[in-house]
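**Q** If you count the sequence shown from 1, position 97 lands on 83 in my numbering, and the numbers rise without skipping.
If you're looking for bench data, these hints aren't it; they were derived computationally from the structure. If you're wondering where the values come from, they're calculated on a predicted model, not measured in any experiment. Keep in mind that a hint or two might mislead.
Stated by the list, open to error - Pair ranges (Cβ atoms, derived):
| # | residue 1 | residue 2 | range |
| --- | --- | --- | --- |
| 1 | P101 | L122 | 39 to 45 angstroms |
| 2 | P29 | E145 | 28 to 34 angstroms |
| 3 | A153 | V74 | 44 to 50 angstroms |
| 4 | P56 | P84 | 37 to 43 angstroms |
Each residue gets a CB set at the ideal place from its N, CA and C atoms; glycine is no exception.
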Amino acid sequence: MTEGQPPRLTLNVTEVRRHLGSTAAVSATLEASGLSLSDVAVPDRAEISLEGQIESMFEGVVLTGIVTTPWTGTCRRCLGPVEGVVEVEVREIYSTDPVDGETWPLVADQIDVGPLLHDTALLSLPLAPLCSQGCLGPAPEAFPATVEGEGSRSDDDGEPARDPRWAALDDLDL
């Protein structure tokens, strides 16, 4: 694989293409490399797997299946480690006359599922993962966010100090 190019993983579809409407099971795995977003990544050397079937059609095949990808990341609330597995259903058409952005190329009865697995794995990563739905994250009362050297000032009546960024709203007469 060259830098910047998705990996290649070709499957032979000759037998399915011989009989219009016939199907065949398909199973493929791709080794992940360099798939990451800001706080989430597919671990290098992890397997991105495809389980599904191909069905022949006029001038191509339809690939239907499930892509499974492991991932690791950082919880958006508590910043602890988190990991999981995503499963994404795919249904893609491979055609002898591909349309850019709509179908994938079918060349000499070979389909390249590498770019599909690569793109699906990257697009399925969670953007803001949580270690659990009940994760409260850091407690603002116990760990207040303050500027170093400034304490949290509050009025004598027990009300918390007002945020100075909102002071301009006090002048509004509604």
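**Q** Is the gap between the beta carbons of P56 and P84 within 37 to 43 angstroms?
**A** Since P56 and P84 have Cβ atoms about 30 angstroms apart, the given range 37 to 43 angstroms is violated.
**Q** Quick one: are A153 and V74 within 44 to 50 angstroms, going by C-beta?
**A** Cβ of A153 to Cβ of V74: about 47 angstroms, so the range 44 to 50 angstroms holds.
**Q** Please check whether P29 and E145 have a Cβ separation lying inside 28 to 34 angstroms.
**A** 48 angstroms, violated
**Q** Quick one: are P101 and L122 within 39 to 45 angstroms, going by C-beta?
**A** Check passed, 40 angstroms falls within 39 to 45 angstroms.
Going through the hint list in order, the structure does not satisfy hints 2, 4.
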